[in-house]
Every structure is written in C-alpha cells, then in structure tokens.
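Using the sequences and the hints given, assemble the complete structure.
Protein chains in written order, with the working numbering: chain H, 1 to 289; chain P, 1 to 365.
Hint data in this document are derived by calculation from the structure and do not stem from the laboratory.
Covered by chain H, per the in silico footprint, the following chain P stretches (three or more residues, Cβ under 8 Å): (1) 64-77; (2) 80-88; (3) 91-105.
By construction, the Cβ of each residue, glycine as well, lies at the ideal position given by its N, Cα and C atoms.
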Amino acid sequence: MARKYREIGQAGWGHTLFAGFIGLVYFFPVFWIILTAFKTRPDALAVPPKLFFTPTWDNFIGVFYRASITTGTSQATDMGLYFFNSIFIAFTSVGLALIVGTLASYAFSRYPLRGNDIYLFIILTTRMMPPIVVIIPIFLMFRLSGLAGSYWGIILLYTAFNIPFSIWLVKSFFDELNPEIEDAARMDGATERRVFFNFCIPQILAGLSATFVFGLILTWNEFLFALLLTGVETRTVPVAMARTLGGEVGVDYGLLAAIVTLFLIPIFFVTFILQNQLLRGVTFGTIKK
Amino acid sequence: MTIELRQLTKRFGALTAVDAIDLQVGDGEVLCLLGPSGCGKTTTLRMVAGLEMATEGDVMLDGKRINDLSPRQRNVAMSFQFYALYPALSVAENLAYPLHADKLSNSEIETRVAQVASTLQLDRILKRKPSQLAEGEKQRVAVGRSIIRNPNCFLFDEPLSRLDVQLREEMRGEIKLVLQNLSRPTVIVTHDQLEALTMADRIAVMRDGRIEQVDTPHNVFQTPSNLFVAGFIGTPQMNLIAAQLKDSDSHGQANFIFEGGQALKIKVDPAISRLAPGSKVTLGIRPRNLKMIDEPAEDSLSTQVDLVEPMGAETLAHMRDGFQNLRLVTDWRVPLSEGNKIHVRFPPGVTHVFAKDETVIRRKS
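Here you go:
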C-alpha cells in the first residue's frame with residue numbers, strides 16, 4: 001500500500017496555512033484564558049480587551065497563597081490539595097476502568113456469550129441518560145453507604161462511569177486484530193495468559209492510550225458528581241474553581257484563568273507524551289492488516 | 001507418523017460443521033481438504049491442530065488419541081491463511097519463536113534459523129519486521145516458522161490464497177518441494193482445486209461437513225463418485241445434463257432421451273444395466289471431451305453456439321438448444337461464432353452417469 005503524505009511537510013503550503021488558520025480559531029479561547037492568567041485585575045477587565053500588557057505572576061501566586069483581610073498576612077490555600085485530588089482521582093479511576101474494560105472487552109471479543117450484543121448494549125445503557133437524572137439517587141446511596149466525601153467513593157463512581165466507554169472502545173481494537181496471530185502463538189506453545197499479555201496487548205497499545213486519554217479528559221473535567229459527592233478533603237479542581245466565582249468582590253477573572261491554566265497542564269502533558277500512540281489509536285481501523 | 005480421524009464431529013450449537021468424518025493421512029503423505037467455503041474443512045484442520053475441540057469422535061496421532069492435548073502438546077505445526085506473523089518481532093525472531101519452548105541454546109536456535117532461512121531464501125530479510133515484507137516473503141516466513149521445529153505433522157490453511165496468480169504458481173512449486181523433503185503427514189486446506197490437484201497426494205472433497213470422496217487427484221478428476229464432486233472438480237465445469245434412460249445392454253450401450261426430444265446412443269459404464277429403463281439420470285461429460293462433428297450421428301446432439309470465450313490456446317463455447325446448456329472446449333483454431341448450428345459428439349466411455357440419488361453408476365474396479 002502506498003503511503004502518501006507520510007512525511008511532515010508533504011502537503012502543500014495552501015493546505016498547511018488553511019489548517020493552521022482553523023487551528024488558531026480553535027485555540028483562541030484557550031490562548032485568551034492563558035493570557036488573562038498573566039493580567040492584573042484592571043487589565044483583565046479592560047474594555048476594549050488588551051492584547052499587550054505587563055505580565056504578572058500574581059494570579060498564580062494567588063492560587064496557592066491568599067492575603068488574609070483580617071490579619072494582613074498571606075495564608076496557604078487548599079488548591080494544592082485539590083490539584084492532587086483531581087490527579088489522583090482521575091488517573092486512578094480511568095486506570096482502573098481501563099484494566100477492567102480491557103479484560104472484559106477481550107472476553108466479549110474472543111469468548112462471545114449467548115446474547116453477547118445484548119450484554120454490550122445493556123452496558124452502554126448506563127451512559128444513555130444524562131447524569132443529572134441519576135444524581136439524586138446516587139447521592140442518597142452514597143450518603144447511606146458512607147461513601148460520600150471519600151476518595152474511594154468518587155473513584156468508584158468514575159470507574160463505573162468509564163467502564164462502558166472502555167469496554168466498547170477497547171473491544172473494537174481487539175476485534176480489529178487478526179485472531180490467527182493468537183492461534184499461531186497457541187500452536188507455538190504460548191499459554192492463554194501469554195497470548196493475552198505478549199501478543200494481544202502489545203498490538204493494541206495505541207488503542208489503549210487513546211482510550212485512556214479520552215477517559216481522562218472526560219473525568220478530569222467532570223463537575224456535577226464531583227460537586228455533590230466530594231467532601232472538603234476530596235474536592236477536585238473543577239469544584240474548587242466554581243467556588244471562586246462567588247466572592248463578595250465579584251469574579252476574579254485573573255485568578256480563575258490562572259487555575260484553568262494550571263488545570264490544563266497535566267492533561268496537556270499526558271496527551272503530549274501519548275501523542276504518537278494517540279494518532280495511531282484513533283486511526284486504528286483504517287490501516288490494512 | 002500418521003494422522004487418523006475417526007467419526008470426527010464438530011457442532012456449533014444447532015449447526016453441524018463437521019459431520020462424523022473418517023480420514024487417514026499416512027507418513028509423508030500430502031492430503032488436501034478441498035471444498036467450497038463453509039464446508040467444514042478449516043474446522044477439521046483446527047480440530048487436528050487442537051485449536052478447536054471435537055464434539056464427538058477421535059483425533060489420532062500415530063495411533064494415540066490426542067483429543068485432550070493442547071496444540072503444543074500435540075506438536076503440530078500450522079501455517080495460517082493470513083500468515084499470522086508476530087508483528088512486533090523480526091523475521092528471525094518470528095522463525096525462532098516456536099523453538100523457545102524447546103529450551104534450546106542460543107547457538108542452536110541460530111543454527112536452525114539460518115538453516116530454514118537458507119532453504120526458503122530468507123537470509124537477506126531476517127532483520128525486517130513483517131510489515132516490511134512483500135506478500136510472497138510473508139508466506140515464506142510463515143512456512144519457515146512451521147518447518148523450523150520437528151513437528152509430528154504439518155497443517156496449512158489456504159496457504160496460497162493471498163498471493164497473486166504468478167506468485168501462487170511459484171510458491172506452489174516451492175511448498176511442494178519443501179514438503180517432499182519432510183516425511184511427515186501434511187494436511188492442506190484449500191478451496192482452489194488447482195492447488196489441490198497439483199500439490200496433493202490425495203484429495204478429500206468436502207461438502208456440508210461430510211467427505212464426498214477421498215482419492216488421488218487423478219481419480220477424483222477422472223472417476224468422480226457423485227454429482228457434487230463431478231461438478232466441483234475441473235474447469236470449465238463438467239456438463240451435467242438431465243436425461244431419461246430408454247434402454248441399455250450389459251456392455252454399456254445405452255439410449256437416452258433428453259427434454260426436447262433429442263436422443264443419444266452412447267457407450268457408458270456397463271453398470272448402467274442395473275438401472276431400469278425409464279430411470280431419470282444425469283449425464284456428465286467434461287467440456288474437453290465433447291467433439292464437434294459435421295453431420296448429426298446417433299451419438300451426437302444438435303445445438304447452437306450461444307457465446308464464445310477465447311481462452312488462449314483453447315476456445316470455450318457455450319451452447320443451448322432451448323433445453324440443455326452445454327459447454328465445449330476446442331482448439332483455438334476451430335472457427336466458431338455465435339449463432340452457429342453445430343453437432344456435438346459424446347465419444348464412447350467418457351460420459352459419467354449419475355443416478356437420481358446423485359451417486360455415480362460405475363462398476364467397482
């Protein structure tokens with residue numbers, strides 16, 4: 001199969017510029033938020049908006065330290081904890097969902113049950129209703145079982161939330177594989193465990209990465225469940241962000257933008273590391289065996 | 001080493017994929033399982049390999065029942081339709097993989113890989129990954145991986161189906177050569193009759209999970225045991241014409257009447273005398289056996305050329321007289337064109353007669 005446009009820069013300049021322009025349009029809101037994070041309060045609220053200004057780190061310092069009005073000294077905020085919570089909760093639950101989803105989807109793909117498709121459909125139904133519909137029963141269940149406000153409560157919920165997505169996505173990657181390779185490995189003396197870990201998993205690493213990143217982005221930005229089911233100790237960044245909106249002195253846009261900017265970094269970092277895998281993952285089915 | 005299948009059966013739910021087949025493959029023998037897709041030939045192969053469990057019946061290797069052994073314990077080598085090369089491993093590593101479980105030293109493994117690589121001319125591509133190989137090279141690596149061990153038998157699943165015509169002919173010869181040097185029973189699954197006819201010592205023709213006939217390529221072609229085998233083997237397909245037996249004698253002289261009223265007096269197998277006059281039969285004659293003649297005769301049919309297909313050295317003519325369709329192959333020099341009224345002769349002894357139950361009418365030889 002001929003591989004056209006394999007090297008970077010083989011597309012013409014016209015196409016490249018056009019793509020660049022579209023990219024800029026998409027990126028502009030993010031760019032503006034990052035810019036705002038470096039603005040003083042008057043600069044952030046200035047009309048017409050300022051593109052050029054003297055940058056300041058004050059907002060970023062403000063994320064972690066706040067001047068107390070009563071004592072006049074600066075005081076550490078809990079934002080560090082919230083960032084830790086977001087990272088810990090999102091990575092753990094998405095990781096767990098990926099492990100469960102990979103095992104389950106391998107079973108669904110290779111050892112189909114009677115009514116396999118029905119099971120798969122049922123698994124997906126949990127994602128069909130808007131979360132707001134189930135939030136009250138879930139809240140009551142969490143209160144009753146004592147899971148509300150704990151790490152494991154919210155991790156459990158996010159894991160359950162991500163499993164259907166993982167199963168469906170990873171199953172499609174397993175389905176794409178040539179099962180003959182597994183049979184060949186069996187003929188060559190590989191055990192079932194070896195077939196799975198040494199022959200199947202390496203072939204779908206790209207797909208697993210893609211699934212992980214998509215799940216991570218969803219979970220990272222989740223607000224509703226986090227708002228109701230996390231406690232003071234387990235609060236995540238989106239919830240903390242929302243709380244900065246309601247001050248007596250109005251919205252501090254610079255502070256908010258600084259939190260958002262910091263909030264972008266971990267996701268950006270993960271996506272960047274997995275970039276190559278991701279591209280292969282999302283184009284998985286389009287490659288000839 | 002011998003393989004023997006006894007009443008081997010595989011059912012998937014209500015579907016019977018393989019229906020109580022009996023089969024033996026001798027030491028050094030190459031047996032082809034030939035049949036249309038879905039006839040159970042691959043399932044049979046996979047049961048021999050141990051990748052599929054038999055529902056009933058036995059798989060015997062050298063007289064020992066191996067139904068419950070894992071593929072590895074059976075020590076059989078199998079090559080797959082899509083080659084099934086390990087994508088992350090190089091050609092050399094692919095070849096060496098089956099040896100790992102044998103606990104050989106590294107130098108031994110290297111020697112074996114080098115041996116196989118030189119047999120199959122893979123020396124120069126040992127470091128490449130499967131994705132960098134041409135189809136023919138992938139096929140050779142797959143063959144190499146199955147012969148690198150010293151297995152009890154060899155199994156090939158549609159070994160040439162992915163290659164283009166030219167490469168297929170080349171590889172057919174190459175595989176045949178490799179197999180001749182390995183005195184082990186070999187089973188090849190194919191839906192391509194040419195592959196089966198050229199490579200096999202014996203062919204087992206399968207349909208709907210049953211074996212219709214097992215015999216040498218020559219016999220399967222010359223003396224098909226039933227209507228299905230007759231129609232399945234040979235290109236262009238054998239002419240199969242419905243007829244009614246008028247009378248016959250003990251020497252095989254028989255008179256037939258066709259729909260439309262034409263009559264034919266030909267010599268067929270003497271066993272025809274078993275059939276009562278008036279029996280409905282199917283006559284089978286290969287397109288290459290039909291002869292064009294100038295004047296109608298008692299052993300000829302009159303018909304009209306409907307379509308002419310030049311095939312190079314030969315010409316294939318389709319004919320119809322409003323009731324029967326016939327195919328005839330003649331030398332390319334014979335002038336033929338659509339609309340020609342011609343007479344085709346059935347030479348003595350080349351017409352097969354099939355009874356109503358589709359079995360051939362033939363004396364046991």
